[in-house]
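Read off the chains here:
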Amino acid sequence: MPQTVAVIDYGSGNLHSVAKAIEHAGSCRVLVTSDMNEIRSADRVVLPGVGAMGDCMHGLQDRGLDSVVLDFIQEKPLMGVCVGMQILTEFGEESSGVDALGVFPGQITQFSKSMKCPEGRPLKVPHMGWNELLQRPHPMWAGIGDRTRFYFVHSYRYADIKATCVAGTSHFGAPFVAALSRPNVFAVQFHPEKSHDAGIRLYRNFLTWDGTC
Amino acid sequence: MGLAKRIIPCLDVDQGRVVKGVQFEDIRDAGDPVEVSRRYNQAGADEITFLDITASHENRATTYETVSRMASEVFIPLTVGGGVRNTDNIRDLLLAGADKVSINTAAVFQPEFVKKAADKFGSQCIVVAIDAKQVEPGMWEIFTHGGRKPTGLDAVEWATRMVSYGAGEILLTSMDRDGTCDGFDLGLTRSVADSVTVPVIASGGVGNLDHLVDGVLEGHAEAVLAASIFHFAKYTIGEAKVAMANAGIEVRL
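Residue numbers (our numbering), protein chains in the order written: chain A, 2 to 214; chain B, 5 to 257.
Quick caveat, the hints were computed from the structure, so don't treat them as lab data.
Everything numeric in this text was worked out from a predicted model, so none of it was measured.
Ideal Cβ placement from N, Cα and C applies to all residues, glycine included.
Just to be clear, a hint being listed does not mean it is correct.
[Said to hold, decoys possible] Here chain B is said to cover these stretches of chain A; the calculated rule only asks that three of the stretch's residues, wherever they fall, bring their Cβ under 8 Å from a Cβ of chain B: (1) 18-30; (2) 50-59.
[Said to hold, decoys possible] Covered by chain A, per the in silico footprint, the following chain B stretches (three or more residues, Cβ under 8 Å): (3) 96-106; (4) 178-191.
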């Protein structure tokens with residue numbers, strides 16, 4: 002019986018590519034679901050997210066899934082993707098401010114408009130495209146070379162690269178956090194499902210990850 | 005280190021087949037979109053743009069089905085445009101597997117639609133496509149309907165307005181250059197790129213690899229889009245990347 006991966010569906014856009022990429026990564030049963038019991042009984046959970054952080058947080062809360070996520074990570078591995086990473090922090094400054102799940106300390110802030118690209122012109126936000134990722138040691142990076150590029154699309158970021166939970170950083174105007182980790186939780190700002198072979202490899206690593214850092 | 009400039013092959017799709025014309029006419033067949041996108045994915049394309057050039061009502065189902073097949077096996081970003089007129093179209097394309105949706109004509113006739121779309125789905129998935137022609141030196145006007153209808157709108161002002169309405173990216177095509185292989189309209193590209201805060205994709209006119217380099221270095225584009233040079237195997241994506249890297253441009257190799 003293959004393991005089950007629940008991709009949490011809380012009204013946050015397209016989950017088709019996330020589900021397809023996980024299926025492509027290895028032997029597993031992928032459920033795109035908002036059903037609490039299905040999520041609780043899954044072996045692993047992926048928490049995706051696109052769009053506004055506030056909409057994602059409310060989408061999760063309205064379905065009562067915020068506490069399901071917090072309970073799940075006490076026992077089993079969860080992977081957060083893009084806004085799915087952002088809502089695992091404490092707070093986002095998007096809109097008029099969003100209180101988030103607080104799995105990781107720290108907050109999500111906007112790329113500063115005064116930042117410059119290497120050519121000296123103002124940064125183009127959203128940060129959109131393939132950026133290099135500097136890894137910090139973590140089992141989830143197995144088989145993925147340091148400085149491998151991943152696909153990012155976001156206008157807000159986790160800026161505190163000195164936090165102990167940081168598993169990888171990238172650079173856009175200034176360094177920012179590309180991956181966060183703690184026991185049972187690995188969360189990335191980029192989109193593994195859009196990051197070609199490296200992204201598929203990351204999902205494959207997640208399928209065998211024992212939750213340790 | 006930092007963000008790579010992107011190379012985006014563009015698939016103009018008509019009734020389920022990739023086609024490519026010269027200045028929007030004289031169409032040649034270039035294959036099955038799923039097959040073509042799979043090939044570009046393996047070759048290292050950074051993204052794929054799919055433009056449904058007929059986009060008639062009867063063809064919508066074919067488009068959704070093709071997009072869905074592409075998204076199931078091509079794990080790089082996919083932008084879909086052509087005939088996007090309302091939020092239902094956008095929702096259906098996103099559900100089929102598009103990552104971004106490109107709005108062109110509908111933005112011109114109902115600018116508020118862009119605002120509504122960005123509010124509902126997020127700026128990150130709303131691309132506004134702009135087709136412009138030079139009307140006098142340093143002035144470009146927006147055209148719709150495949151370049152046939154003038155609108156009286158100034159391209160630079162229009163791009164700025166679309167960004168203020170929530171467009172997350174601008175796909176900028178020079179109608180004068182499209183299909184000519186004479187290179188991008190660098191004046192147009194640079195004028196728009198330097199006026200907006202979001203990424204600009206340069207499009208229309210690529211005939212050789214120097215043109216791609218110029219689009220970034222001279223045109224200040226974040227991404228370059230081309231069709232014919234890749235479809236008809238004049239150059240590979242890999243060769244394009246090497247040419248850009250040799251010119252000092254950061255690319256994903």
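List of violated hint numbers, smallest to largest: 4
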